[in-house]
Amino acid sequence: MDNRSIFIYRNYTVEPLFSDFPGISYSGYEDISNVPPDASIYVWFYSCPLIGSRQEFADKINDYKKKLELVLVNSNPSSYFLLFTLAPVLNFYFTTNKKFLVEAISEYNQFLYSKAGTSPLIKVIEFENFIRQSQEHQIIDWRYYYLYKTLINPGLSRSFSAWFRRQLLAIEGKRKKCFVLDLDNTLWGGVLGEDGLEGIQLGNSYPGNAFKDFQKMLHEAVKNGVLLAIASKNNEDEVWDAMKTHPDMILEKNDFVSWRINWNDKSTSIYEIANELNISTDSIVFIDDNPVERNWVSQSIPEVVVPEFPKHPYQLISFFCDVYDSFFQLYDLTGEDKDKLVQYKQNSLRNQSLQSFLKIEDYIASLNIMISVKEADSFTIPRIAQLTQKTNQFNLTTRRYTEADISSLIYEGHKVYSASVKDKFGDNGITAVCILKIISTTKVEIDTMLLSCRILGRLIEFALMKKLLNMLQLDGIDEVHALYIPSAKNEQAASFYDKLGFEVLEHEASKSYTLRINNQYKIEPYYRFEIL
Amino acid sequence: MKDDIKALMAVVFSIEKDLIDDRFAYGTNEKWDSIHHLNLIVELEAHYGVIFEPEDIQIMTNIDKIIDCINQKKKS
Numbered sequence: 047m048d049n050r051s052i053f054i055y056r057n058y059t060v061e062p063l064f065s066d067f068p069g070i071s072y073s074g075y076e077d078i079s080n081v082p083p084d085a086s087i088y089v090w091f092y093s094c095p096l097i098g099s100r101q102e103f104a105d106k107i108n109d110y111k112k113k114l115e116l117v118l119v120n121s122n123p124s125s126y127f128l129l130f131t132l133a134p135v136l137n138f139y140f141t142t143n144k145k146f147l148v149e150a151i152s153e154y155n156q157f158l159y160s161k162a163g164t165s166p167l168i169k170v171i172e173f174e175n176f177i178r179q180s181q182e183h184q185i186i187d188w189r190y191y192y193l194y195k196t197l198i199n200p201g202l203s204r205s206f207s208a209w210f211r212r213q214l215l216a217i218e219g220k221r222k223k224c225f226v227l228d229l230d231n232t233l234w235g236g237v238l239g240e241d242g243l244e245g246i247q248l249g250n251s252y253p254g255n256a257f258k259d260f261q262k263m264l265h266e267a268v269k270n271g272v273l274l275a276i277a278s279k280n281n282e283d284e285v286w287d288a289m290k291t292h293p294d295m296i297l298e299k300n301d302f303v304s305w306r307i308n309w310n311d312k313s314t315s316i317y318e319i320a321n322e323l324n325i326s327t328d329s330i331v332f333i334d335d336n337p338v339e340r341n342w343v344s345q346s347i348p349e350v351v352v353p354e355f356p357k358h359p360y361q362l363i364s365f366f367c368d369v370y371d372s373f374f375q376l377y378d379l380t381g382e383d384k385d386k387l388v389q390y391k392q393n394s395l396r397n398q399s400l401q402s403f404l405k406i407e408d409y410i411a412s413l414n415i416m417i418s419v420k421e422a423d424s425f426t427i428p429r430i431a432q433l434t435q436k437t438n439q440f441n442l443t444t445r446r447y448t449e450a451d452i453s454s455l456i457y458e459g460h461k462v463y464s465a466s467v468k469d470k471f472g473d474n475g476i477t478a479v480c481i482l483k484i485i486s487t488t489k490v491e492i493d494t495m496l497l498s499c500r501i502l503g504r505l506i507e508f509a510l511m512k513k514l515l516n517m518l519q520l521d522g523i524d525e526v527h528a529l530y531i532p533s534a535k536n537e538q539a540a541s542f543y544d545k546l547g548f549e550v551l552e553h554e555a556s557k558s559y560t561l562r563i564n565n566q567y568k569i570e571p572y573y574r575f576e577i578l
Numbered sequence: 229m230k231d232d233i234k235a236l237m238a239v240v241f242s243i244e245k246d247l248i249d250d251r252f253a254y255g256t257n258e259k260w261d262s263i264h265h266l267n268l269i270v271e272l273e274a275h276y277g278v279i280f281e282p283e284d285i286q287i288m289t290n291i292d293k294i295i296d297c298i299n300q301k302k303k304s
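Chains A and B are the protein sequences, given in the same order.
Residue numbering for the first sequence follows the working numbering, starting at 47 and increasing by one per position.
Residue numbering for the second sequence follows the working numbering, starting at 229 and increasing by one per position.
Okay, chain B solo, but in the shape it has when bound:
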């Protein structure tokens, strides 16, 4: 799943997939601003068929947190 998400991110942020590591996070990289965050959430929802709550959206600020959130949604 991590690889999938990186692939999605690469498209949304228009950067090389290899540049996306675990430290890549909202606010720390210029590309990952609020508009791109929104675009990323929309893509993740479409890709995984899940709906995030606003509370989720606000904390999904790096890849690990995104994976946690998706897994939680899939369980419930």
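Same shape as in the complex, but just chain A:
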């Protein structure tokens, strides 16, 4: 997966989170119209809608599922498809009963797992793990939320990059294999050789209970296929005796596949363990409370992962989770996952209505789209000017106008139209602009045609342009000139006029077109229009 080209489907601004990764392209917000066949990794990164009623929330989440279904069907089956789980980012509920929200989220996530069960290249990325590891930080920065539509605080982009990179490594199968563990003050508190069997801290009161839980987690890791080994400066007999007889010891001798309990230096021990297990040293994670030992090992065998050990025993579990998540997370379907699958399959029966939405037209038809076209007036001019300033992607000529510019265009006789778009999820407001230069009673030129990225992906641009052309034809216009000026961002609009049947006049840096209109365009009936 070198030279990855990653395509990300999203409903919020996520660019800052991925700014360290080259070769990334993004869909529009909630836009599924583009499924590039040459992407090596598709990423489905939708987050919970924040503000709205229960019903809106449920509708949105259902809509996300339908969208994902459509994209999956059309995506390249030999590329990876990574599905981010939904995680509740804003932990606020209007009633103490949050069952509804939790169920909606878990149903969505189960849906993702059921999809992951259909191909080894479709993987679920548990986004809540990132949220959990970032808990000390502000997850939402409301300033950026309102200014830039970011959900996850862009200040977390560094830790997000590191986390996402680890997910990619895990998916590529570069998982570590073995924990090499120190014993004293690592698996229990105190020093066995000095404090004795009764003196070490391991049991049901602090800090012994924290060490006991740490052992439990390591024990679970063994069940998940992780190898445990010991590199400790101790008396071997005393260690095995403690493992056997201490009532609160969780790990036992046969949980370990290799050990070096002696007074040699630890990097030698680690080399020997790696040799004995026939694994390479870069698949080892070394856990030791002693900074001198850690430093020595990371100096002498740099490929061994040596995480900082927590200062306080109560931090051991979060330490374990981070390390496990970073280096041992497994993405294959194991027995337990397979059991889950049965459950998911039952659930997906409930989602069968989705199956009827495999064509994008059917999906669009279900949205109840209403487009209101209006000539500019003093109320709409500020928004129109703003759209010409801000719109980059679907913008045929990228001409930037101020409010004063728009007013003088109108004064000079241009026709300035705006369109606002409503669908069953709500009103998007004014999100499209078309400016026509009237050349003669039979001839116009399209000066500006743009759509905000908020409403891309529903082929509204075609319906709207056809509607406008139909209106022009009724007014006696029979010749339309148009222009596509390429910019760094507007590639997706490049063949807009070609698709509408315009004829190319000139194709140099820009592309100019002409169209003879003699009859009305047919517009799909599921776009409803009102002309105000």
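In case anyone wonders, no lab produced these hints; they're calculated from the structure.
Every value quoted in this text rests on a predicted model; they were computed, and no experiment measured them.
Each residue gets a CB set at the ideal place from its N, CA and C atoms; glycine is no exception.
There are no misleading hints in this set.
Facing chain A, a subset of chain B residues (Cβ under 7 Å, in silico): (1) Leu266; (2) Asn267; (3) Val270.
Below, a list of computed lysine-lysine pairs in the DSSO-like style, where the Cα atoms sit at most 27 Å apart: (4) B:Lys234 <-> A:Lys535; (5) B:Lys245 <-> A:Lys535; (6) A:Lys557 <-> B:Lys259; (7) A:Lys195 <-> B:Lys259; (8) A:Lys112 <-> A:Lys169; (9) A:Lys535 <-> B:Lys259; (10) A:Lys489 <-> A:Lys420; (11) B:Lys293 <-> A:Lys195.
Starting from the known structure of chain A, arrange chain B on it as the hints suggest.
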């Protein structure tokens, strides 16, 4: 401070520092679009230990305005 900010900008916009002059401004250069503006603000906040208000963020569109804003924040 100007030099520091130029250095930060060079990283955020991935361009040569020498190309950044006083006329370099939001919207006039292709590199300085809304996403890079956001990234720049995040870096400035981390670097100078200040928090900008949305009103500040919207007017910090060239180096001089950025410096004004940071100085104001540091005073208050």
